[in-house]
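Peer 1: The residues making up each chain are set out below.
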Amino acid sequence: MSAQAFLLRHPGVVRLGVVLLLLLIWEIAARWLIDPMFISPPSRVLASLGSVWQTPGVPAALRLTFFELAVAFAIAVVLGLSIGLAVGLQPFTRRSLMPIILLIYGLPQITILPIFILFFGIGAPSKIAFGVTHGTFPIIIAVVAGLQNIKPILLTSARSMGANRWHILRWVIFPHMIPSFFSGMRLGMTGVLLGVLLAELYVSTAGIGHFTTLFTENFDPTKLFGLVAMLAAMAIVLNEMVRRAELRFSRWR
Amino acid sequence: MATRDNQAQSFGSRLVQVGFLIAVLVLWYLATTRWGVNRLLLPNPVAVWQQLLDVLRSGEYLPDLRVTLTELVIAFALAMTSGTIVGFFVSRRHSTIRVFDPLFAAIYSIPIIMFLPLYVLFFGLGPASKIALGATISFFPIVLSTIAGFGNVDRTLVTAARSMGASDFHLFRYVLVPGALPVILSGLRMGFTIALLSIIGSETIASLAGLGHHIVQLAEGMDMARMFAYIAFVVVIAALLNGLVSFLEARGRRWA
Numbered sequence: 000m001s002a003q004a005f006l007l008r009h010p011g012v013v014r015l016g017v018v019l020l021l022l023l024i025w026e027i028a029a030r031w032l033i034d035p036m037f038i039s040p041p042s043r044v045l046a047s048l049g050s051v052w053q054t055p056g057v058p059a060a061l062r063l064t065f066f067e068l069a070v071a072f073a074i075a076v077v078l079g080l081s082i083g084l085a086v087g088l089q090p091f092t093r094r095s096l097m098p099i100i101l102l103i104y105g106l107p108q109i110t111i112l113p114i115f116i117l118f119f120g121i122g123a124p125s126k127i128a129f130g131v132t133h134g135t136f137p138i139i140i141a142v143v144a145g146l147q148n149i150k151p152i153l154l155t156s157a158r159s160m161g162a163n164r165w166h167i168l169r170w171v172i173f174p175h176m177i178p179s180f181f182s183g184m185r186l187g188m189t190g191v192l193l194g195v196l197l198a199e200l201y202v203s204t205a206g207i208g209h210f211t212t213l214f215t216e217n218f219d220p221t222k223l224f225g226l227v228a229m230l231a232a233m234a235i236v237l238n239e240m241v242r243r244a245e246l247r248f249s250r251w252r
Numbered sequence: 000m001a002t003r004d005n006q007a008q009s010f011g012s013r014l015v016q017v018g019f020l021i022a023v024l025v026l027w028y029l030a031t032t033r034w035g036v037n038r039l040l041l042p043n044p045v046a047v048w049q050q051l052l053d054v055l056r057s058g059e060y061l062p063d064l065r066v067t068l069t070e071l072v073i074a075f076a077l078a079m080t081s082g083t084i085v086g087f088f089v090s091r092r093h094s095t096i097r098v099f100d101p102l103f104a105a106i107y108s109i110p111i112i113m114f115l116p117l118y119v120l121f122f123g124l125g126p127a128s129k130i131a132l133g134a135t136i137s138f139f140p141i142v143l144s145t146i147a148g149f150g151n152v153d154r155t156l157v158t159a160a161r162s163m164g165a166s167d168f169h170l171f172r173y174v175l176v177p178g179a180l181p182v183i184l185s186g187l188r189m190g191f192t193i194a195l196l197s198i199i200g201s202e203t204i205a206s207l208a209g210l211g212h213h214i215v216q217l218a219e220g221m222d223m224a225r226m227f228a229y230i231a232f233v234v235v236i237a238a239l240l241n242g243l244v245s246f247l248e249a250r251g252r253r254w255a
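These protein sequence lines are chains A and B, in that order.
For the first sequence, the tail end lands on 252 under numbering that gives the first Met the number 0, and the numbers increase by one without skipping.
For the second sequence, the tail end lands on 255 under numbering that gives the first Met the number 0, and the numbers increase by one without skipping.
Because the hints were derived from the structure by calculation, they are not lab data.
Just so you know, even glycine gets a beta-carbon here, dropped at the ideal spot from N, CA and C.
Heads up, a few of these hints could be off.
[Stated by the list, open to error] Which residues of chain B face chain A? A few of them, derived with a C-beta cut under 7 angstroms, are:
1. Ser94
2. Leu120
3. Leu124
4. His169
5. Leu196
[Said to hold, decoys possible] Simulated coverage check for chain B against chain A, where a stretch passes if three residues somewhere in it have a Cβ under 8 angstroms from a Cβ of chain A:
6. 22 to 29
7. 197 to 208
8. 229 to 239
Okay, chain B solo, but in the shape it has when bound (with noise of 0.2 angstroms):
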């Protein structure tokens, strides 16, 4: 009986997920039909997914997804390798931890791509800087997470694994990291996803090539329903990346 009801429930929940969706759908193309509202500011549903069918076979995308990828790529990689070592090296000490995780949780707690214009300053209009701001970003959930991570990891099984005679690598390799792994990964997975964001914003804010730049300079022209199906594509490919992300996520956690 219970079950049924459960399963009723979930029934009118997927209805109302659904319907919400084909409302919002629905209003969306009476709005450009019917009710005259400006083409300039919402374009026909109908035109943006054609514009969208465009933009995928016309291939023009693959110059600027390169580009994107590519900083996020080398930034990632960037922001993992310091940020896993500084936070492994600060989470072997009590008094380290104690100095530098308020430190960079402080540091955190702002909003970075305010600093924006001096890596823009520094670094150029290029991807240099879309580069630097998102490792600087991403840095810190990969070290927050690292130091949390190994400073966390069991006492007694440190000093076990230390009493039957493991050296430091045996320890590094079969206690420390199999513990530490999960919550590290979370915070790659968390710096991965903050990357992706900073380096679409800082080229939509100040760039030459991009993904992000590529949107702005369709809003420019107001060329609005190519600018809403290119929206629609960069959603897409954050959604997969991200997707690929949590899978790897899930997959390291077995392997540890």
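The following block holds chain A by itself, in its conformation from the complex (with noise of 0.2 angstroms):
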């Protein structure tokens, strides 16, 4: 009864059970039901983690991969806050201009990757930019948004108070902004993280893509996972950068 009672209170600990059981189950099936040449134990891919870091050309792929994913989330940033601002501001262009951003958001944009090979070639800057198409419009979309729910009777008052353009957006429009930018940012990086990845998968030289290529010719699933494994790592601290941020800076209402 106590013990039920302490995993009723504590979902985290029956979640990491979870999780444990189903390394076990990968485990078992991985090692005796099947063929090693496609999967690996995580037992083993824990313990190859040291050789895939020394494989020659790794530990540079993961910093060009992080190198991509950090310049396209910067630029994404500054686009997507200063499109969003250009066109959130006055309810003219937001009207106007709104439906385009919303129509290009909802192409499928893998279908036009090729296109980006061709222009900026096979290394990191074709990843970049796709980055950046995927990570700007998300964020465009938030300020958009989080300018659209400003009350309109702060704005007023700020006005009858005698404050200025310069003024309003700095005490006014800013503050209120600030939630649905940074919840914005964290869809942003989600959307950077899957246009890099997307173009390090397509083609790469010296990235990351070029090692998972390497490996999954030669039937190593060993180094492979951990390679994996290693990105996913970035990738979870990334994005929760980004969430604890939105959650710092959502807080002052």
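Combine both chains into one complex, guided by the hints.
Peer 2: Below you can see the structure in the form of structure tokens.
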């Protein structure tokens, strides 16, 4: 009874147990049931992380992918914020241009990936560009939504108290935009990760995609799983950083 | 007065939107004919239009379309069945929701497409890896929305139905499903959209057939006008499929 009560109060413990159980099933399946050409047990993947890291070029590839993600995210935030402000501050531009932005955002961007490669080459620029186009739109949409949700009475009262345009921007619009801007940044980070990783997997000479292809073609599942685990860890850390920032900055109200 | 202002404004907005599209087309045309942008980077829009007509007339898209649609249907059927069933059973108890909901949400927040190499290694280059990946990716929005849908059905409705003597089936059919369906349907629509995207994406990255694969083939053959035409074709197909799903979602909502 008390054990049950403990588990009910700590769902995290049960969650950890579920994850461990799944890993155990995977371990058993990979060790005894499935051809080791295609899958590797988690214990062996964990043990191989060191040797994956020592494979010549892998640390550089992870660094390069991280660099692409960081640059793409920075550009996406700047572009998304400036386009969002330019479109969202005036009701006329918002009503005219938002449908176009939503239309472009709704297109399956993956179909134009080959064009990005032809334009920007197979190096880092094409990954960054593809990450930027995936990450910018959610930020634009969030910024415009944030601007739209400001209560008109706040603007009117600020103006009646003699605030000029800059004061209104600085003291009314920006503070109210921050929560939706940060939730846009979180969605933007998801988009940037998706875009950069898609482009990396499509074609890559030195980034992470090069090594996933290499390990797949050599039927080396242990190293492949290890590399993908590192990549997943990078994605989780980046997501978590933006999510923490969102929690931190949306609390002021 | 106000309505006339609104009308004038919305007319202005339409004008800007149409003007934007025309400007893009004119700039594209001028860039290829006057400003000497390389044909290998940007084909002439007229040539693209002719190629598009040719693609449609020749019917060469049929085998690829069939492969992609088959993958999509199987992947979505798998995700829909497993997502709604798992979601329903998780949603039955408060404790299981608290255990599994954050777990699914955490996995959903990372780009699952990066596991594609594992899927290719395990399932091969053929349709199986696309189906498996598409099903995995679209499982998460479906399961999360099913948990949210069934989990948030008003408790008083359930208690009231029970006290009036509803059986398990009656409770499910007349209280739980109508209450949860709107949320589940929007999850299904989202799952469908990202299943389509991830299937075209994985065809682009590593495959033997399908719409995404065909675009890559044309890109590698530097057949730019035809590639642009094919991209336009795939975009239209995707838009049609998404429109169909939105329509079915609206119908389903009304049925509930």
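Peer 1: Which of the listed hints are not met by the structure?
Peer 2: The structure breaks hints 3, 4, 6; every other hint is satisfied.
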